[in-house]
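Participant: For the protein sequence lines, the chains are A and B, in the order given. When we follow numbering that gives the first Met the number 0, the leftmost residue of the first sequence carries the number 0, and every step to the right adds one. When we follow numbering that gives the first Met the number 0, the leftmost residue of the second sequence carries the number 0, and every step to the right adds one.
You may find that some hints are simply not true.
Stated by the list, open to error - If you only want the chain B side, here are some residues facing chain A, beta carbon under 8 Å, derived:
id: 1; residue: D213
id: 2; residue: K220
id: 3; residue: I269
Stated by the list, open to error - A few chain B positions that, by computed beta-carbon distances, are all more than 12 Å from chain A:
id: 4; residue: E32
id: 5; residue: G69
id: 6; residue: V104
id: 7; residue: A119
id: 8; residue: K172
id: 9; residue: L267
id: 10; residue: E360
id: 11; residue: H365
If you're looking for bench data, these hints aren't it; they were derived computationally from the structure. Note that the coordinates shown come from a computational prediction; the quantities given were computed from them, not determined experimentally. Here a beta-carbon is modelled for each residue, glycine too, at the ideal position from N, C-alpha and C.
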Amino acid sequence: MPFDPVANVQLLINGLAIGSIYALVALGFVLIYNAVGVVNFAQGDFVMLPSYVAISFLVPQVAVFGTMMHWQLPVIVAYAVVLVLMVGFGLLFNLIAYHPLRDRGWMPVVISTIGVSIFLRNFAQLTWGSQPLGFPSLFSAETIDFSGLHVRPQDILIIAVTAVLIAFQYFLFERTSLGKQMRATAQDRTTARLLGIRVSRIVAITFVYSVLLGTISGFLVSPIFSVTKEMGGLIALKAFAASIVGGFGSIPGAIIGGLAIGVVETFGGFYVSAAYTDAIAFVILIAVLLFRPQGLFGERVAEKA
Amino acid sequence: MHQNRKKFLVTSAVVATSAAITGFPNIVLGAPEPIRIGLIPPITGSNALLGQQEQDGVKLAVDQINARKGKVYDDRPFEVVTEDATNDNQSAVAALNKILGENIVALLAPVLSTQIQAMAPVMKTHEIPWMTGGTAVKNTQLGVPGLFRLRASDGITAAAMTAFAVTDKKAKKPAILHASDAFGTGGAEQIVMNLKKFNMDPVANEQYPKDTKDFTAELLKIKTAGADALLMYIQNPSDTALILQQIRSNGLKMPIIGSPSLGNQSALDIAKQSANGAYVGLDFIVGFNSSVATKFLTSYYNTFHHQPDVGSGSGWIYDGVFLLADAYRKQKSTDPKATIAALKKTKGWEGVMGTFNCDGEGNMVHAISIGEINDDSIKLVKKVTG
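Next comes chain A alone, as it looks inside the complex:
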C-alpha cells in the first residue's frame, strides 16, 4: 500500500480521540484501584448510565419505562443535572457495592462490582428499551476540512476535554489538600487514618470522582458511538488493557496507555487488518505483560516493597 501522509494524519487524529476516551476510563480504573485495591468491573457502565440519563433530558422522543419524555432541557442544564445525579450515584455505589464489603478482602468487592455492572445493563434495557439511541452532538455533522483532512469537531472536543481533565487532575492531586489526602489514602490507608484523614470519606469521594470521569466520557463519546447498554463494555475492556500497559495504579501510565492503545489499534487496523483491531490491542497487552509486567510506568513489585 503506498504511503499516504494525509491518511496517516487522519488515522492519528482519530486514534488520539478514541485513545482519549480509553485514557479517561482507565483513569477511573486506576483511581479506584489505588483507593480500595480492587478492579471495578462496573467502570464501563459509569459511561453508559449517565449517557442514557442525559439522553432522557435532551431528546424529545425518548421513552423511559415506556413513557415518552418531553423535557428537552438546554444542553448545559441537562449536563449539569446529570453530573449532580451521578454524584448521588457515585455515593450510592460506594454505600451499596463497596462499603459493606470493605473488610472482607478484594474478591467480594470485585464480585459486587460485576453484579452492579450486570444490574445496570439490565436496568438500562428495562428503562430505555433495547433500541440504540442517537445522542445529540454539540456540533453539526459537518467536518472541518483542510488539505484533504476531514476532522470531526467532536474529536477535537474529546482530545481537548481530556487534556483539560488531565491538567485538572494534576492540579487536584499535587496542589490541593483533598488531592493529597486522596494520594495518601491510596498509598497507605492505615497510615492515612493515623494521620487523621477520614479514609471512608476519601474513598467515597474517589468513587464519585471516578463516576464523574465516566460521565464526562459518556458525554464525549455518545454523539459518535450512539447509546447502547453495551457501549461501556468494550471501552472498559480497552481501558483496562490501557491501565495494565501503562502500569496498573499509575496515573500517567493510564493516560499514555489509553492514548497508545487508541493510536496503535487505529494504525494496526489500517496497515495490518481491520479484522484484527481488537487483537492488536490485546497482543500489545500480552507483550507488555511478558516483557515488562509492571507496565510502562509501573513500579517493580520489589521496589514497592
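Following the hints, position chain B against chain A.
Facilitator: Using the frame of chain A, we list chain B on its own:
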C-alpha cells in the same frame, strides 16, 4: 373424624391449586388444548432490539389468530413458549435444548444466521417445522428437515445489490465492508461471487470485528484503494448507522449500497442526514407493499405505538405464525410431518414479506427491492426477483 376431614380439605386445596397451575381446569371444563409453538429470540444482549421486534410480531399474530372464530382450528388457541437465545451461539443451543422439552409442535427459530448454523446439529434430530428469518444462503443447505426461510436469502439480496452497483451506478472499482459474523461474511462472499459475473474483484474487502465503534481504519483503506462504490453487508443497525456517520466524517463520497439493516428505522434515527442518498437492498419498503402488509403495519402501530422493523424483526415471524395456522387449519392437526409436507407445497401464499413460493431448499420468498434513503424515508428504486 375431625382430623380426617381436615386432611381431606388440605389435600383438596393442594390438588385444586396444582390443577390451577398446571392447566387442569382446561381438561375439566373441556377447553380445547392449546397448540404450543416455541420462540427463541435474543431477549437480552446486543441484539435485544431484534428480539423485541420478533416477540411483538409473534404476539400480534397469535392475538389475531386466537381472537378469530375457531381460533387456529377446533377452537384450539396458540400458546407461545419463549426462551432467550441471547447473543451467542452457545446460549441459542441451550435455549433450543430447553424449549424442545416443552412439548412444542413448531419452532420460530432465531433470525441470526450464526445461531441457526450452530443449532443445526440439534435441529436435524427433531422433525418439526422450523421457521427462520436468517438470510445466510447456507442456512437452508444445512440438511435440517423442515427448515423454512421466510425472507429473501442473501444470495438474492447480494446479487441485486451488486447488479445495481455495476449496472445502475456504473461502478468500476467496488469495495466491500462487512461484519465478521456469519451474516456479514456470507453476504460478502455472495457479493464477490456476483462481481465475478461482471469480471470484477473488489478493490477492498474489509471486515470488522463485533462491537467495533471506530471504523476509521476500514474506511480509510477503502478510500485509499480508490473505490467508486461501497457495498456493505451488516446485520446490526447500530453498526450500520455509525458507519454511515463515519463515511461522511472521513470524506468518502462514493455511492453506498447496503444490506437490509441500512433501512432499519433505528439505523436511520441515529444516522440522520448521513444516510441521505444511500441505497439499500430491502425485502420490505413501507408504501410499496401488499394489502396484507398494510393491514399488518396498521395493526402493529395500533398495538405497539411505533413502527416495526418489518424485514429482520417482526414481519417474517408474523408470516410464520400465520403460515403454521393455515397449515394446521387445513389439515385439522398439528402433526409435524404432515405440516412440513404442507408447507413444502406453499405456492402463491400472500404474506407481509411478499408472495410465498416454497422451493426445494425451503426458501419461501424470492424477491428484493432496491430503495433510496432520503430524509428518513425510503423510496423504491427497483424490484428484483431472484
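Participant: Look at each hint and say if it fits the structure.
Facilitator: Right, here's what the structure says about each hint:
no. : hint : in the structure
1   : D213 : holds (5 Å)
2   : K220 : holds (6 Å)
3   : I269 : holds (4 Å)
4   : E32  : holds (34 Å)
5   : G69  : holds (34 Å)
6   : V104 : holds (29 Å)
7   : A119 : holds (25 Å)
8   : K172 : holds (15 Å)
9   : L267 : violated (10 Å)
10  : E360 : holds (30 Å)
11  : H365 : holds (31 Å)
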